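Trainee: The opening position of the sequence shown corresponds to residue 1 in our numbering, with each subsequent residue numbered one higher.
Simulated from the structure, these hints should not be mistaken for laboratory data.
Because the structure is a prediction, the values reported are computed rather than measured.
Just to be clear, a hint being listed does not mean it is correct.
[Said to hold, decoys possible] In the SDA-like style, the derived pairs of lysine to any residue whose C-alpha atoms are separated by at most 25 Å in a straight line are:
| hint | residue 1 | residue 2 |
| --- | --- | --- |
| 1 | K93 | G129 |
| 2 | K93 | G195 |
| 3 | K361 | L149 |
| 4 | K164 | L119 |
| 5 | K234 | L249 |
| 6 | K164 | R202 |
| 7 | K164 | Q265 |
| 8 | K164 | A123 |
| 9 | K93 | S227 |
| 10 | K164 | G129 |
| 11 | K274 | W327 |
| 12 | K164 | I281 |
| 13 | K361 | W283 |
| 14 | K93 | C253 |
| 15 | K361 | W236 |
| 16 | K164 | R56 |
| 17 | K93 | C189 |
| 18 | K361 | S379 |
| 19 | K361 | S237 |
| 20 | K361 | L89 |
| 21 | K274 | I338 |
| 22 | K93 | V228 |
| 23 | K234 | L85 |
| 24 | K361 | C253 |
| 25 | K93 | L105 |
| 26 | K164 | V339 |
| 27 | K93 | V104 |
| 28 | K93 | L124 |
| 29 | K361 | S377 |
| 30 | K274 | G285 |
| 31 | K164 | P200 |
| 32 | K361 | L246 |
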Amino acid sequence: MNTVSNESHRSSPSSQMPPASLWTNFRFMRMFIAYALATFGDWFDALAIQILVAYRWGADPLIIALIPVCMAVPGILLGSVAGTLADRLHKVKIMLLCDVITVVLTVAILFAPSAAWLLPLLALRAMMGVFHIPAQQALTRQVVAEENLFQASSLNGFVGQCSKVAGPLLGAVILAVFSPQICIVINACTRLISGLVLWPLRRLTEKPEHSIGNETQDQQDQAETESVLTQWTKGWSFIRNSRAILCTLLFGCLGLMAILMIDYQFVTLFRSIKPGNETLIGWLGSSAGAGAVIMILLLNRLPRVSYGWGLGGGFVLIGAGIAALGWVVPLTPDVWIIVWGLCIGLGNGLSMVTLNYLLQKETPPAYVGRVFGIQNSMSSVVLVVAPLAGGALIHIMGPDLTFQFIGIATLAIGVAGIVLQRVLWGIRESHGNVLKEHV
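Make the full structure from the sequences, and use the hints.
Mentor: The structure is reproduced here in structure tokens:
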């Protein structure tokens, strides 16, 4: 596949712009296919690893609890550094290297004799994702035309949500017929294919070929000579001085906190109100995943979405669904569980796509890797803290009051985001120049 125009057209200004249609942007489509394969593989063996540890090895519950912690720690420690390197180094080569190392580590997991070996391998594999994500986001910002960024964000979100539903489901089918090791092998194969799909892009020139505002060639050359520490510091400084980005990151962490505080406690809630119906967890998870997919499909038909209504409206839906589950009683028909699961999923899809689109849109190409790397670090902290905080609240207040409290608080934050959207996201600033309103 030829991803570079011929010599006679390289000097033409029109040839330096990304393709007008996302579907004819072969560089993005390669990245999209590779991302879909990698994401599906990651979710495909998630259930297999839990089964391997819990049932085959009979590991202590504390060891099982350490699995998500080990996978979150690399993001906390290295997220912002990975983002800095993504802005500094060749992004496709970073992604290829991460895919290769992930394949090796996944194969090594097959031969792990105990949890003492498994946990470090999982942490190292998670580290590859920490470096892969900001590189992919930064490259997306360069190869996708600005008017197609929202569609690109919704497509990536669609793949992510489908993988969360289809990956564990198909993994469970394979587990029923074969063994956890087969699921792990399939993940290694998807990562290998992901790398092969990206391979033709290894010689891609990653200098931004289209306009990036008022940034001059001298500024680009200066950035190339700066140290990693200087660029890392500038990344944090950019976020601190960008109201839209800072508000978005804080909003994103609040939404993730709300979801993760109760994500592992649905079983506690249903055990107390409907102890005889163990299938409700599956119905709730499926309906939430379906809601996110439905919302992302709807958003994919739009050219853009208002920041306030996207983030704030998503939080309103998430909060309403969580709070409503807190008011479920033993006599409540099971269909309402599905309805509130859909509500949470719709809100999650809306807020997630809006957040990724906003970070892509409002960040200059030279800073995209650092912004997404810092976001990864913040999300990883939430990933560790939120489940512990949710468990403590349930211990103090009980599951029903905890769900009501978290739901109402999330809903209130969403309403505030809608009401104050002009204050939080109304004006976009880039390179010191006021551009335009988005609401």
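Trainee: Compare the structure with the hints numbered earlier in the document and write down the numbers of the violated ones, lowest to highest.
Mentor: 6, 13, 14 and 31
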